Amino acid sequence: MPFKRFDQNRPFLTLALVALVWVLLPTVVKSWGRASFFELTAPITLAVSRVRDLQDFWALRLRPKTELIEAGRDLARLNASYEFAVQQNLELQAEIARLEGVLRLPSYTEYRYEHARVARRDFSGWWQQIVIRKGRNFGIPVGAPVVFSGGVVGRVTEVHATAAIVELISSQTVKVAGVVEGDTRPLSFQGGVNPTFAPPTGIVEFVPLDIIVGPNATKRLITSGFGGVFPPGLTLGTIVRVESGSDGLFKSGTVRLDERLGSLTEVTVLVPVGQP
Amino acid sequence: MGPHGSAAGERSDSFVESHKGYDPRIILFYFILAALLGTLGAGLAYRQLANVGKYADAERQQNQRRVLFPGPRGNIYDRHGQLLVGNNHRFAVLLHLDELKTELIAEQSRIRRNFVAAVEKKDVPGFSQLRQIARVTLVQRYLDQVNKILGRDEKVNAAELGRHFDRQLLLPYTLVDDLSGPDFARLIEGLPVRSPLEVYASNIRQYPFNGAAAHTLGYVRPDNEVEADGFPGEDLTTFKMKGTSGRDGLEKMFDAQLQGEAGGRIYRVDPTGFKINPPLESRSPKQGKHLVTSLDIDLQLVAEEAIGDQIGAAIAIDVPTGEVLVLASMPNYNLNDWYPRMLPETYRKIQERGAEFNYAVNGRFPPGSTYKILTSIAGLRAGVLKPDESIIYCDSVLRRFNGRFVCYNGREHHQEILLTEAIAQSCDIYYYEAGWRTTPERLAAESRRFHLDVPTGIELPERGKSIIPDPEWKLRERGEKWFPGDTANMSIGQGFVWVSPLQMACFTASVARNEIFTQPTLIHDPDRPRQRHESIGLTPDQRKAILDGMEGCVTHGTAKTINAIAELRIPGINILGKTGTAQIPGKRNVAWFIAFAPRENPQIAMAVALEGDTPGEEYGGGRNAAPIAAAVMKRFFEKRANPGRTVVAPIRSE
Chain A
1 MPFKRFDQNR
11 PFLTLALVAL
21 VWVLLPTVVK
31 SWGRASFFEL
41 TAPITLAVSR
51 VRDLQDFWAL
61 RLRPKTELIE
71 AGRDLARLNA
81 SYEFAVQQNL
91 ELQAEIARLE
101 GVLRLPSYTE
111 YRYEHARVAR
121 RDFSGWWQQI
131 VIRKGRNFGI
141 PVGAPVVFSG
151 GVVGRVTEVH
161 ATAAIVELIS
171 SQTVKVAGVV
181 EGDTRPLSFQ
191 GGVNPTFAPP
201 TGIVEFVPLD
211 IIVGPNATKR
221 LITSGFGGVF
231 PPGLTLGTIV
241 RVESGSDGLF
251 KSGTVRLDER
261 LGSLTEVTVL
271 VPVGQP
Chain B
1 MGPHGSAAGE
11 RSDSFVESHK
21 GYDPRIILFY
31 FILAALLGTL
41 GAGLAYRQLA
51 NVGKYADAER
61 QQNQRRVLFP
71 GPRGNIYDRH
81 GQLLVGNNHR
91 FAVLLHLDEL
101 KTELIAEQSR
111 IRRNFVAAVE
121 KKDVPGFSQL
131 RQIARVTLVQ
141 RYLDQVNKIL
151 GRDEKVNAAE
161 LGRHFDRQLL
171 LPYTLVDDLS
181 GPDFARLIEG
191 LPVRSPLEVY
201 ASNIRQYPFN
211 GAAAHTLGYV
221 RPDNEVEADG
231 FPGEDLTTFK
241 MKGTSGRDGL
251 EKMFDAQLQG
261 EAGGRIYRVD
271 PTGFKINPPL
281 ESRSPKQGKH
291 LVTSLDIDLQ
301 LVAEEAIGDQ
311 IGAAIAIDVP
321 TGEVLVLASM
331 PNYNLNDWYP
341 RMLPETYRKI
351 QERGAEFNYA
361 VNGRFPPGST
371 YKILTSIAGL
381 RAGVLKPDES
391 IIYCDSVLRR
401 FNGRFVCYNG
411 REHHQEILLT
421 EAIAQSCDIY
431 YYEAGWRTTP
441 ERLAAESRRF
451 HLDVPTGIEL
461 PERGKSIIPD
471 PEWKLRERGE
481 KWFPGDTANM
491 SIGQGFVWVS
501 PLQMACFTAS
511 VARNEIFTQP
521 TLIHDPDRPR
531 QRHESIGLTP
541 DQRKAILDGM
551 EGCVTHGTAK
561 TINAIAELRI
571 PGINILGKTG
581 TAQIPGKRNV
591 AWFIAFAPRE
601 NPQIAMAVAL
611 EGDTPGEEYG
621 GGRNAAPIAA
631 AVMKRFFEKR
641 ANPGRTVVAP
651 IRSE
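Heads up: the protein sequence lines correspond to chains A and B, in order.
Sequential numbering from 1 applies to the first sequence in the working numbering.
Sequential numbering from 1 applies to the second sequence in the working numbering.
In case anyone wonders, no lab produced these hints; they're calculated from the structure.
Possibly wrong hints are sitting among the right ones.
[Claimed, not checked] Straight-line Cα separation of at most 35 Å, DSBU-like style, residue types lysine-lysine; simulated pairs:
id	chain 1	residue 1	chain 2	residue 2
1	B	K148	A	K30
2	B	K481	B	K349
3	B	K349	B	K240
4	B	K252	B	K101
5	B	K349	B	K386
6	A	K30	B	K101
All figures in this text were calculated on a predicted structure; none of them were measured in a lab.
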């Protein structure tokens with residue numbers, strides 16, 4: 001009878017034993033185990049991402065030729081407009097360089113750009129992360145800012161051999177020093193409480209009292225550049241509402257973030273020049 | 001039954017106790033037991049039911065702590081809504097010590113292990129020493145995080161930290177409190193979000209116009225007198241974050257209104273004093289009420305700029321209401337120097353310059369010839385002066401009562417002079433005679449009628465005492481009898497007469513309204529009615545004579561300077577004024593000018609008093625004081641003509 005009772009409780013005892021071993025394990029071993037687990041599963045994540053790309057490729061291959069011809073024509077037009085935009089950008093860059101020369105400003109070469117494809121999105125009420133398909137193999141460091149065409153994406157929080165985890169600015173654990181466009185006084189931006197499928201929002205604090213925001217007078221929030229992580233002038237979001245704080249010194253409010261944060265496929269990591 | 005059974009039965013009879021039934025003696029023990037149990041039960045009930053409140057309170061007091069933090073003070077504005085005193089932020093990095101409990105225990109254990117491994121057991125520090133070492137080590141580690149981000153090398157003050165741990169554990173400890181905007185930004189991005197470190201904005205007073213109206217606005221200093229009325233837990237151990245209280249000027253006089261409503265939180269704490277989140281009670285602080293003063297910062301700046309490096313005061317009063325438009329006392333000092341703390345060197349310089357003293361309200365000087373207006377009123381009311389009667393021949397020197405009385409303004413010999421010209425030319429000899437005719441008692445009575453002997457009642461700390469002398473006063477205070485020379489001095493505002501510039505401004509406003517009293521106020525009320533007090537009691541001819549004299553003073557008399565300088569002229573407005581130059585024996589001259597304008601329906605009344613900074617130097621009311629009043633009045637009427645153009649840019653500190 002006792003043997004039978006032990007036999008019935010074996011799973012619980014095993015669980016307790018494993019938990020005990022985990023608790024007693026040194027922190028170094030635990031950290032190593034966690035990192036190893038990610039490195040072990042990273043190829044699966046990346047493989048899934050590549051299979052999905054392949055799937056998309058074959059889906060496109062099955063389209064009728066007329067559709068492809070139309071798409072090709074549209075693409076040609078798009079390319080033409082992009083080429084025009086590229087020329088305009090070159091002219092603008094030349095103008096900026098000329099003005100920098102006149103003002104004797106140093107050229108802006110603190111970062112190199114590393115474009116990376118998003119392998120996985122991991123959104124919850126607690127964190128908002130994406131996994132990108134580049135890591136240590138491309139020299140991406142922890143803490144590097146990540147951007148996309150709509151502005152700031154977030155910061156790299158973990159770097160692995162072939163992948164990296166990016167904490168989005170919609171996550172509560174990200175804080176950025178921003179400024180209201182046209183102003184120079186820094187304020188604090190932090191990701192808000194964002195349920196999984198809700199439009200991303202953030203909160204802004206230390207907003208100067210003379211910054212007026214209303215439903216018809218929203219303000220663009222951009223990076224200040226003072227914080228040492230993000231270069232200045234990148235879009236964080238739009239301040240849609242502010243209210244006076246109880247201290248009478250500042251206002252605090254809500255920032256509407258770019259909804260594309262939830263469906264990113266490509267991002268750019270700004271790798272500080274000079275860092276490994 | 002066999003032999004064994006028999007044996008067993010014997011054993012039973014001899015060794016096994018058996019119940020013999022009811023024994024009445026045991027009843028006693030029942031009662032004793034019941035009594036004991038009853039006592040226990042009653043004691044328990046007494047403590048658990050009757051004393052429940054007491055023990056609940058004791059438990060609450062032992063397990064709960066109250067934290068109070070002050071509400072921001074209200075702002076102070078000028079009459080046009082320009083911010084004169086506001087709140088500004090000062091970024092700091094705080095460390096929430098009450099979140100470090102686990103880390104502290106681990107740190108203490110680690111340090112102890114290191115000691116045990118390194119030294120003999122007897123040399124291992126005691127518990128309190130280890131605890132202090134752990135505190136300093138841990139807090140320094142957090143400070144190093146901040147240092148690394150900011151590129152600084154700040155060190156923890158061990159003694160201060162120990163005191164904070166022991167007395168104010170629930171209040172955050174300030175690691176760095178002088179962060180610039182870029183420092184703030186670096187910390188926002190550099191510090192982990194979930195950390196006991198917090199970037200915090202503390203509240204300090206800000207004066208956008210630096211030293212403008214410094215004595216009127218006043219300043220605040222930190223204190224621990226934060227009270228949260230209506231917030232529960234008054235009996236609990238309370239930690240108070242530093243608040244502020246007004247120490248001078250309006251900040252002091254309206255401290256109760258400006259003080260914000262303190263916020264508070266009540267936490268449950270563990271036996272070692274560390275808090276258990278979330279708070280049981282919480283209330284947000286609220287900003288104090290705003291104060292709208294009657295000052296016009298634009299005019300105030302004009303007055304202060306006009307006074308410049310001179311010592312003295314300029315006051316302007318809205319004649320109908322008594323609202324004070326300008327209350328300038330120079331030298332002044334930058335009120336922002338008080339924050340976050342006044343440096344000893346800066347304070348020494350302020351004291352050396354006498355910049356803390358409010359000349360406008362607390363300065364007392366002989367009013368000089370400006371007092372002749374009062375002498376005229378007293379003489380006219382007494383019937384000893386008549387507008388069309390020349391009472392004496394001014395030959396610049398008058399010999400009377402075995403004495404020699406000089407007309408200090410009579411180089412041109414005023415000769416036969418009437419009241420109007422006596423005012424315009426400020427003929428001393430005319431007023432010596434007027435004083436003798438009026439008598440010192442009547443002069444003193446008239447002065448008291450105009451409230452020159454009592455504080456004005458303005459909403460500022462009024463120190464110093466005015467003197468309106470008469471024979472009785474001299475006998476009482478000096479033990480001497482009154483001489484005709486004293487009357488002569490009094491009639492021209494010299495000798496024992498001492499009043500403040502603010503009192504003379506009120507007197508001027510009263511004359512402008514043809515009343516005997518003006519209640520000055522520093523609080524602006526757009527609906528404030530015109531003041532109405534007892535009439536001076538002059539006939540129209542008598543009043544006309546005085547006003548003609550004051551107008552003549554500006555057009556061709558002792559204050560003609562302001563009419564001669566094109567920049568000071570006000571098109572279409574006649575200023576009515578009276579100069580004065582008071583000599584303080586052995587000291588410096590005081591240059592006076594009182595004025596109001598326009599003649600019909602007066603709007604603004606002023607008094608300017610300047611103390612000469614060099615003994616023996618000529619310091620005249622017409623030359624030195626009148627231009628200041630004219631500059632302020634000119635700006636006043638310019639603003640009246642263009643009411644929309646009143647925006648004044650705050651002075652930016654370097």
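Results for each hint:
For the suggested pair B/K148 and A/K30, the alpha carbons sit about 28 Å apart, so the restraint of at most 35 Å is met. A distance of roughly 44 Å separates the Cα atoms of B/K481 and B/K349; the hinted pair therefore is violated under the 35 Å criterion. Taken as a hint, the B/K349 and B/K240 pair is honoured in the structure, with Cα atoms around 34 Å apart against an allowance of 35 Å. Taking the CA atoms of B/K252 and B/K101, the gap is near 41 Å; set against the 35 Å cutoff, the hint is violated.
Taking the CA atoms of B/K349 and B/K386, the gap is about 53 Å. The hint is violated against a cut of 35 Å. Restraint check for A/K30 and B/K101: the C-alpha separation of about 24 Å stays at or below 35 Å, so the hint holds.
Taken one by one, the earlier hints fail for this structure at numbers 2, 4, 5, listed in ascending order.
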